[in-house]
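Visitor: For the protein sequence lines, the chains are A and B, in the order given. Residues in the first sequence are numbered from 939 upward in steps of one, following our numbering. Residues in the second sequence are numbered from 704 upward in steps of one, following our numbering.
Rather than coming from a laboratory, the hints here were simulated on the basis of the structure. Every residue, glycine too, gets a C-beta built ideally from N, C-alpha and C. Hints may contain errors.
[Unchecked claim] When the alpha-carbon atoms are kept at most 30 Å apart in a straight line, the in silico DSSO-like pairs for lysine-lysine are as follows:
id : chain 1 : residue 1 : chain 2 : residue 2
1  : A       : K994      : B       : K739
2  : A       : K986      : A       : K946
3  : B       : K802      : A       : K941
[Said to hold, decoys possible] A few chain A positions that, by computed beta-carbon distances, are all more than 10 Å from chain B:
id : residue
4  : E951
5  : M952
6  : M954
7  : V965
8  : R967
9  : A972
10 : Y978
11 : P980
12 : L984
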Amino acid sequence: MGKNLKLKAARAEMDMTQDFLAAKVNVTRQTINAIEKGDYNPSINLCKAICRALGKTLDDLFWEE
Amino acid sequence: MKNQEFDERQMYIRGQAYKHTCFVFIWEIVAVSLLKEFSVVSFAPLAEMCVLMCLPLFVLAAECIIKDAYDPINTRPGMMIFTLMPITSVLTILNQTKKKIPFMKNGVITEEGGIRCIYIIWLALTVLYWVNIAIERKNERK
């Protein structure tokens, strides 16, 4: 599983810290970090929550090309 | 999303940790039985219980701490435990050392030796916890 740079970029675009995003989607900061590093595969519900928090679609953040 | 105590990643890691703990416990029983069977070392009853219980619990706690699955979301309950317990551990170990209470006597691990094992494990977990917190804080600043 590769790094999720799209998620990191989207978060940076909104000037959001990992902590803030984690609090918004009700997970720990370490979970967001693990998703960005590609160490953890989030569930579809968590993916949807992250997309909602960042104002992006699932394709934008989680589709591998 | 429901407000859970642990998030999904933490729940998964905790499940894996419990599995590993179970295997460690089983292998530990086998190892202790073999050690006693071949008279390599013997245990006083309390010491045996301490060692058998503490090592798997150490594995569980260590895995949860290292993989950041120990503290629930937005809470830090462990801080109190990992501040008070090491004080008790250090005091007990120092007291035992001062009174020259032996760890082993005639090839048998004493009860005090077993208790000392518990406190050493507690100290090791404390160090692990605080090192993890320090690394976390360093990463948060990035």
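Visitor: Confirm or reject each hint.
Guide: Consistency of the hints with the structure:
| no. | hint | verdict |
| --- | --- | --- |
| 1 | A/K994 with B/K739 | violated, 62 Å |
| 2 | A/K986 with A/K946 | holds, 16 Å |
| 3 | B/K802 with A/K941 | violated, 56 Å |
| 4 | E951 | holds, 18 Å |
| 5 | M952 | holds, 18 Å |
| 6 | M954 | holds, 14 Å |
| 7 | V965 | violated, 4 Å |
| 8 | R967 | violated, 7 Å |
| 9 | A972 | violated, 6 Å |
| 10 | Y978 | violated, 5 Å |
| 11 | P980 | violated, 7 Å |
| 12 | L984 | violated, 6 Å |
Going through the hint list in order, the structure does not satisfy hints 1, 3, 7, 8, 9, 10, 11, 12.
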